[in-house]
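A.B. asks: One line per chain: the protein sequences are L and D, in this order. Numbering follows the working numbering, with no gaps: position 112 of the first sequence is 112. In the working numbering, each residue carries its 1-based index in the second sequence increased by 234.
The set of hints was computed from the structure by calculation and includes no laboratory data. Quantities reported herein were computed from a predicted structural model and do not represent experimental measurements.
Below, a list of computed lysine-lysine pairs in the DSS-like style, where the Cα atoms sit at most 27 Å apart:
1) Lys195/L - Lys335/D
2) Lys186/L - Lys277/D
3) Lys240/D - Lys231/L
4) Lys230/L - Lys245/D
5) Lys580/D - Lys536/D
6) Lys281/D - Lys656/D
7) Lys281/D - Lys186/L
8) Lys186/L - Lys346/D
9) Lys335/D - Lys301/D
10) Lys410/D - Lys305/D
11) Lys443/D - Lys464/D
12) Lys195/L - Lys277/D
13) Lys346/D - Lys195/L
14) Lys185/L - Lys353/D
15) Lys75/L - Lys230/L
16) Lys230/L - Lys240/D
17) Lys195/L - Lys281/D
18) Lys6/L - Lys75/L
19) Lys185/L - Lys281/D
20) Lys346/D - Lys185/L
21) Lys611/D - Lys570/D
22) Lys245/D - Lys231/L
23) Lys656/D - Lys195/L
24) Lys245/D - Lys75/L
25) Lys605/D - Lys536/D
26) Lys288/D - Lys277/D
27) Lys195/L - Lys288/D
28) Lys301/D - Lys656/D
29) Lys231/L - Lys239/D
30) Lys353/D - Lys305/D
31) Lys277/D - Lys185/L
32) Lys570/D - Lys536/D
33) Lys560/D - Lys464/D
34) Lys288/D - Lys656/D
35) Lys410/D - Lys301/D
36) Lys239/D - Lys230/L
37) Lys185/L - Lys335/D
38) Lys335/D - Lys186/L
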Amino acid sequence: MTAIFKRELKSYFTSSIGYIYLGITLLISGWFFVANNLYYAISDMSYFFANLTFIFIFLVPMLTMRLFTEEVKNKTDQLLLTSPVTVTQIVIGKYFSASALFGLTLFITMAYPAVMFLYGDPLIYSILGHYLGFFLLGSSLIAIGVFVSASTESQITAAIISFVVMLFIWLTDWIASTITNEIFKKVIEWLSVLKRYQEFTTGILSLSSVVYFISFASVFIFLTVQTIEKKRWS
Amino acid sequence: MKGLKKFFTDKRFIYGSGSVATFAGFVAVVILLNLIVGTLSDKFTLKIDLTENKIFELSEQTIEIAKSIDKPVDIIVVQSATSQEDTQTRELLTRYVNLNKNFRLSTVDPVKNPMSVQKYNTLNSNITNGSIILDNGEKFRIVPSSELRSYSSYTGQNDQFQAEYKITSALLSLSKASDMAVAFTQGHGEATLNAAEQALKDDNIAVEKVHTLSEGFSDEYNMFIIVSPKTDFTPEEIDYLDNYLRSGKSIQIYFDVDTPHLPKLEGYLYDNGIVVERNAVYEGDTTRVLSNTPYCFVPDVKPHSITNAIVSNKINVVTYLSRSIKPLWEEKNLVKIEPLLTSTAKSVAFSAENPNDVAQGPLNLAVVATKTYENSKETSKIFVMGSSLFLSEQFLPMNEDFFLSSVNWQIDNTNVVNIRPKSVLSSRLDIKQQDYDIWRLVFIIFIPVLVLVWGLVTWIRRRHL
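Chain L on its own, in the form it takes in the complex:
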């Protein structure tokens, strides 16, 4: 699994995709930080993360679209599946590599609060809460992207489907608000990752939300494993 993880992570930086993703993300996040925090001279990063969340619907597919589709394109999928690692290890390795790049991006953006410490006294726990929530949200979206990538054969298709699924998830709260059946509405609301993420932006670090995000990602990783296994016997 470590070998898969290292290979995938390295491949982000041996191709242009990793740099494009990193460059665009840092450009947009830098812009949001300057516009929301430095311009108004406030240390509250809520608006920064609120703006960044929507942008990641577009950026996450860029991270995940090639994970499995490229193996198909390069015809290395059979080689990978017959290598002495389990499908679960392959999926988790790839998932962790995308999450690691996402985490690396967030780590670089920690320069923003570091700069704020030069000019004020931002609340470190609140900022760390935002970062943790955002990382969990992003990791959940990456799990969806990994699943879509494993289910399709072209990068473009994977990117478009991932984007549509994530947009649907973004609209979950709105969809729930249009439902009149209370039980169905509650189920939809429970599935809303944004509602869970709101807890972190409100200033709450809740065990149930952390478990929820990990579960959400686990379900999609499990589903990805099942999808690849299916290719073996179908």
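Based on these hints, arrange chain D on the given structure of chain L.
C.D. replies: Frame of chain L; chain D shown alone:
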């Protein structure tokens, strides 16, 4: 039959059904785990409050009041499906519900289900999206959404979260024993204050009207309120009043600029160190003036047990056409006089009798005298204010907290909620324009371009491998 057997023994069916069953089992375990953790998290508040001022941590007074409630209370959040939920207040309410099994939290959509909200619409109610209704089956209290937060008068920014103060006050009012009674005096041309009477009733205090000339000041009432009388009280009534206060009761007296000279009543107040000046206070600080009239303004609220929560929650009160009150001493003859509302140093008061007689601010607009009787050791509380318009329908919405707090303090000082609001303002950055320009270049241009150029170089180099 053969086809059916083939279907069931097909490799795809065997693997497929196994795969579906495994996935369903996995999802079931995940859902179960989340339900268990969610329940435990709510029940034992397995949450960390990351906010600077711990805005979700309930005060000792709230915990004590919430735990003492022994009747079921429905806590209803008025929330239309299309509007954004107030997540901070929702989190706070969840913590209230964890304190007492009698609390039930629910949400009502006023658009989809208008009838469910309609029964709570009363004279003083102000139900809007985000308002909270507390209903114990017999009575209800409404916490308007506009009162959950306070906003800076300079920047307009939400600076304080005062939901706990409001919700706990409503809970306390709801659970209060209904054996408190306040009487408004009659028979001297007193003004009628329907909104103030309703506010008292809403706060679970019985309200009566008493002709003091024939009925005297009966000690079955916890307090009497005299509102802008047009004729004076008789010596007998003043005696009744004195006896009433000697038994440890309280009184509120409101004067107006057009209240005539009342020698007996004013004489009694004079004996207790209070003089109600015959003037009208004019506020010179334009930032405090409302409705373009310097006679209508936001006074300074002085620290006192009555006002602590009002001061800390930055609740503004508004006075209009007020006379000034002059205390003759601070503490003397076992009478302690404390100011509650004052005008600013820029204010003046024009005398009604002599236009050249101008008093310079700050001037007291409301005072409270605490008098201890040596023989009986009883303590009475006399509240005097220079304007009854303070309690009129127009101004009561702004002044209701002050009014109820003063009444509750006078009749039973254990009922005064003293919960401080929590600041939600993030700390400011002291960044100069030059530094801002540098960081803007670094974060928007330098770092992203550096990464993209690095990527371009890697790509070009690998192309030639």
